[in-house]
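A.B. asks: The chain contents come next:
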Amino acid sequence: MFIWIIKRDLLLAVRRQSDVLTTLFFFIIVVSLFPLSVGPEMNLLRAMAPGIVWVAALLASMLSLGRMFSNDYMDGTLEQMLLSPQSLSLLVLGKALAHWLVTGIPLVLMAPVLGIQYDLPVDALAILTFSLLLGTPVLSLIGAIGAALTLGLRGGGVLVSLLVLPLYIPILIFGAGAVEANMAGVEFDAHLSLIGAFLLVSMVFAPWAAASSLRVSLE
Amino acid sequence: MLQGINLVCVRGDRELFQDVNFSLEAGGLMQVRGPNGSGKTSLLRMICGLSQPAAGDILWNGQTIRELENDYYAAVTYIGHLSGTKDDLTVLENLQISSALAGTEISIDRAYEALHFIGLKGREALPAKVLSQGQRRRVALARLLVCNTPLWILDEPLVALDVMAVKLIQDILEKHLRNGGMAVLTTHQEIKISAASILELQLA
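Chain order of the listed sequences is E and R. Residues 1 to 219 (this note's numbering) make up the first sequence, in order. Residues 1 to 204 (this note's numbering) make up the second sequence, in order.
Hints listed in this document are in silico derivations from the structure and should not be mistaken for laboratory results. These numbers were taken from a predicted model, which means no experiment stands behind them. From the three backbone atoms N, C-alpha and C, an ideal C-beta is built for every residue, glycine too. Warning: the hint list may mix true and false statements.
As the list claims (entries may be wrong) - Quick partial rundown of chain E residues pointing at chain R, CB under 10 Å, derived from the structure:
hint, residue
1, 72
2, 123
3, 125
4, 208
To be verified - Computed list of lysine to any residue pairs in SDA-like fashion (alpha-carbon distance at most 25 Å, straight line):
hint, chain 1, residue 1, chain 2, residue 2
5, R, 129, E, 35
6, E, 7, R, 113
7, R, 175, R, 129
As the list claims (entries may be wrong) - Which residues of chain R face chain E? A few of them, derived with a C-beta cut under 7 Å, are:
hint, residue
8, 17
9, 53
10, 55
11, 101
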């Protein structure tokens, strides 16, 4: 069933490409606005780059969170999922993974290209991309909890940002920190290890928490 | 065997019903009746395990469904007001995926067969968004043909269906009951189903 849910969500994303493209273009535009407004001051741009790319990734990933469960909720598919004899946590993990494949991966692929606008050196670009590759799945997993909690609420979109953004802060700090450490010439392994640890912990706990919130939301 | 014991349903401050008791044996049909707002859907969602009763208990073969969880869900097929069809998927994909999520993976041939039987021949490759309300309902009900669960819980299954389809659903239900299945349903239409035992539950 895990495979089916991923297949289904990817199929839906392919049929409805506008949803995927909005997220990606939002990311591209936000990241590109800063060099245009700050001007060609290389040192300043280089210093700002990791933070800006990461903040834009957080916002872009959050933009699509509302849709993670709400479409399934409105057409009754979510009810059926709750009544599935397989583990609901596994199903949520599948949905979070599909969300990451659809919104996270394009950001990761786009990041090195956008980083060039900030005159980042090649190894900093590589670390930025790698930190996003490790960090964006955590965004989808934590986001799943927020999306499940705010399901069916009016103004859920605003509420989900208030709930989820504070939880994103550690990822932001260590993700941007890894790139800054590399540019400052110090060790950056610890930052990436910590993001990896966040990923493992959230893979275990986030699906379970989101599954419990879904049961409450649908009652 | 499905039993409800002293079920109470509270929505907000209002008590929808209290002390609802029933017992449904294999081959039995329970029809829940009552005016709009009397808690029919709430009762059905409770029996599915989607919501918890404010008091009382629901037993499946003598065990409370809260503890059975997945073992109970494996025995239940629920078709609610919302049809659970995805607009962007084709009719065939909808049936295949919803069956897989419900725990029974079916072959393409089996899916075609079920869709033909339910009267959607030639519509298999259409996206569900172009279907009429009644056709969507048929897509959802096609799941009854491919599932092998003993307990069916159907909330207004006949809404939006034409005369032919109503007849079809009655036949499917009768066959299910003859084979020892159980069904709980609500409907405002008169239906003629012969079953080993027919229970009418009137909600105030």
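A.B. asks: Hint by hint, say whether it matches the structure.
C.D. replies: Verification of the supplied hints:
About 8 Å separates the beta-carbon of residue 72 (chain E) from the nearest beta-carbon of chain R, less than 10 Å, and the hint is met. A distance limit of 10 Å between C-beta atoms decides the matter here; for residue 123 (chain E) the minimum to chain R is near 42 Å, and the interface restraint is violated. Against a cut-off of 10 Å between C-beta atoms, the interface hint on residue 125 (chain E) is violated, since the closest Cβ of chain R lies about 36 Å away. The closest approach between the C-beta of residue 208 (chain E) and any C-beta of chain R is roughly 14 Å, which is over the 10 Å cut-off, so the hint fails.
Annotation: proposed proximity of residue 129 (chain R) to residue 35 (chain E) is violated, straight-line Cα distance about 43 Å (limit 25 Å). With a CA separation close to 23 Å, the supplied pair residue 7 (chain E) and residue 113 (chain R) stays within the 25 Å bound. This hinted pair does not check out: residue 175 (chain R) and residue 129 (chain R) have alpha carbons roughly 31 Å apart, beyond 25 Å. Checking residue 17 (chain R) against chain E: minimum C-beta separation of about 17 Å lies over 7 Å; hint violated.
Violation of the interface hint for residue 53 (chain R) is found here, the shortest Cβ-Cβ separation to chain E being roughly 11 Å, above the 7 Å cut-off. The restraint placing residue 55 (chain R) at the interface with chain E is violated, with a minimum CB-CB distance near 15 Å, outside the 7 Å limit. Evaluation of the residue 101 (chain R) hint against chain E yields a held restraint, the C-beta minimum of about 5 Å falling below 7 Å.
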